[in-house]
Amino acid sequence: MYTLEVLNPVALNEGDTKITNAAPRPRSLDGLTLGLLWNSKRGGEVALNKAGELVSGRFKNVKVIRYDGSMPCDPEIMDRAKQECDVFIGSSAD
Amino acid sequence: MEKAGKPAVGLVAGGFERNAMATARSFGLPEFRFALVPEVMTGLAPQQIEQQVTDALDRIVEVLTTHPQPAASQETTSTERINIESTDSYAAVEKMNQQFLDLEWGDGFPLIPPTPEKVARMLTGTTRKPDDLITVLAPGSGLATVEKIAVNAVMAGCEPVHLPILIAACEAYMGLGERVRALSMSTSPMAPLMVINGPITKEIGINAKGCAMGPGLQSRHNIVLGRAFRLIMINIGNCRPGRMDLDTIGSARKFGMCVAENEEQSPWDPYPIEKGYAKDANTVTIFATRDEIDVNDLNNWTPEGVLNSFSFYGAIPGGDYLEKIHAGDDPDFVLLLMFSPEHANICGSAGWSKKAVREYVFQECRASARRLLNKCRNAPDKIRLHWRWLLKLPDWELEKIMLPVMENAHDIEMVVVGGPAGKDLIYRSICRPATALIKDRGTI
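Just so you know, the sequences run in chain order A and B. Residue numbering for the first sequence follows the numbering used here, beginning at 1 and increasing consecutively. Residue numbering for the second sequence follows the numbering used here, beginning at 1 and increasing consecutively.
Bound conformation, chain A alone (with noise of 0.2 angstroms):
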């Protein structure tokens, strides 16, 4: 028997060491504010504009706004976001 001893490749990630747990959630998004967060590429902006429509049309009072960054965003329009809303939906477009 043979035994070939090696050197591992990979390397660990910087996320791996500063984790994040999920933010907590509301019961109902009733009366919240709604981000939309498009990153311009085409298609996104449809599918986000939907989303938007379809979760005002099943919970009550949302409010909708929709942020139009690039890739990367600009970490103004990040920063007003977050001030400006409760819950999110992104799109990348893929």
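Among the hints, erroneous ones may be present.
Stated by the list, open to error - Derived EDC-like pairs: lysine to aspartate or glutamate, alpha-carbon spacing no greater than 16 angstroms straight-line:
| no. | chain 1 | residue 1 | chain 2 | residue 2 |
| --- | --- | --- | --- | --- |
| 1 | B | K118 | A | E5 |
| 2 | A | K18 | B | E2 |
| 3 | A | K41 | B | E39 |
| 4 | B | K382 | A | D68 |
To be verified - Covered by chain A, per the in silico footprint, the following chain B stretches (three or more residues, Cβ under 8 angstroms):
| no. | region |
| --- | --- |
| 5 | 113 to 119 |
| 6 | 146 to 157 |
It should be emphasised that the hints constitute simulated quantities derived from the structure, not laboratory data. For glycine and all other residues, C-beta sits at the position ideal for the given N, C-alpha and C.
Got chain A; can you put chain B on it based on the hints?
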């Protein structure tokens, strides 16, 4: 948004599920959840997109209103040392290769076993310590320590003299800024091109001349350096097909591209001098290439004739500057002109500086507004305000308006590479290149 305490759900297209989770993990969000839609939306009609979202509504609501189950245990990278047992050494090497390939740790070609002895020898190529962190490598936020770079260098067939070049390449790669994510993750066949400058190229024998980008003995250093960098992208950057490399078709360029600049036959200063580096500096520059175009012109002997050919071959409409897709000032379209020495000297000996060449090609490298608009006219909101007047014109009129294919002449880059024939290459690139010094070389 989850990090800011706000519930979020992503709409993720079929085939991109692994990418969504790998990306979330790289940002430290293993509990990320998404709503799956069957097809990528960029090519769908609006009503098809809306139907997909309608079908996904229950899942969207579920993700936003229910807390996730505890995250599944993370993918393990196993132990740092791995024992492969087999009947003899050859069989063990074969078994290791199969195992590494199954784990997506390879590029598909046979790998050199990274034994502790081989890695220790590789580490003599630098004065840096094995656990020194060089950078956090995109897209997977991998911790690129000197040792991990060395392990991948061994697997690619590198020698210790190559290690400082690869360390610098990691630094240059991250010097590309946010567009490094597009370079590594795009659905287009983006690939890094390493260009090496300085005395190190001759000391080692990195090929700057005939078939420098091709296979064979003359390019043996170029080949293993390019390959090692791809393995580093895979194993440190987690840039694996289907996971974080989302390429639609792919390209042979992704196996590795590395050349030295042919400084001795260039009429111009070496590339890094333009960027402010000292004359004898050893550097690596990473170009974020999109594709490769052969400039096939053996029938011109004047600067204008040669540069017209560059311009015509390079005038493939990008048009990205008409839109506002990417944040910041970094252009989306950079042309790298890889001059053969013959054509470079036709220009240089006639007194043409690099700046003059850039200005000429910028003016000549044009396409019709109709062509430039083609890929962005379906998203008129994203066209920059000062270009929207184009949308009011009929196609026949747009066809007559010839616009530059890029926004600025200084986004034309130039290096000289190759043997004795007037054949050049153009690399369309997705952002400005980045250069890093090769330093901390060991006394091998």
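The hints, checked one at a time:
no.: 1; hint: B/K118 with A/E5; verdict: holds, 11 angstroms
no.: 2; hint: A/K18 with B/E2; verdict: holds, 13 angstroms
no.: 3; hint: A/K41 with B/E39; verdict: holds, 14 angstroms
no.: 4; hint: B/K382 with A/D68; verdict: holds, 9 angstroms
no.: 5; hint: 113 to 119; verdict: holds (count 5)
no.: 6; hint: 146 to 157; verdict: holds (count 5)
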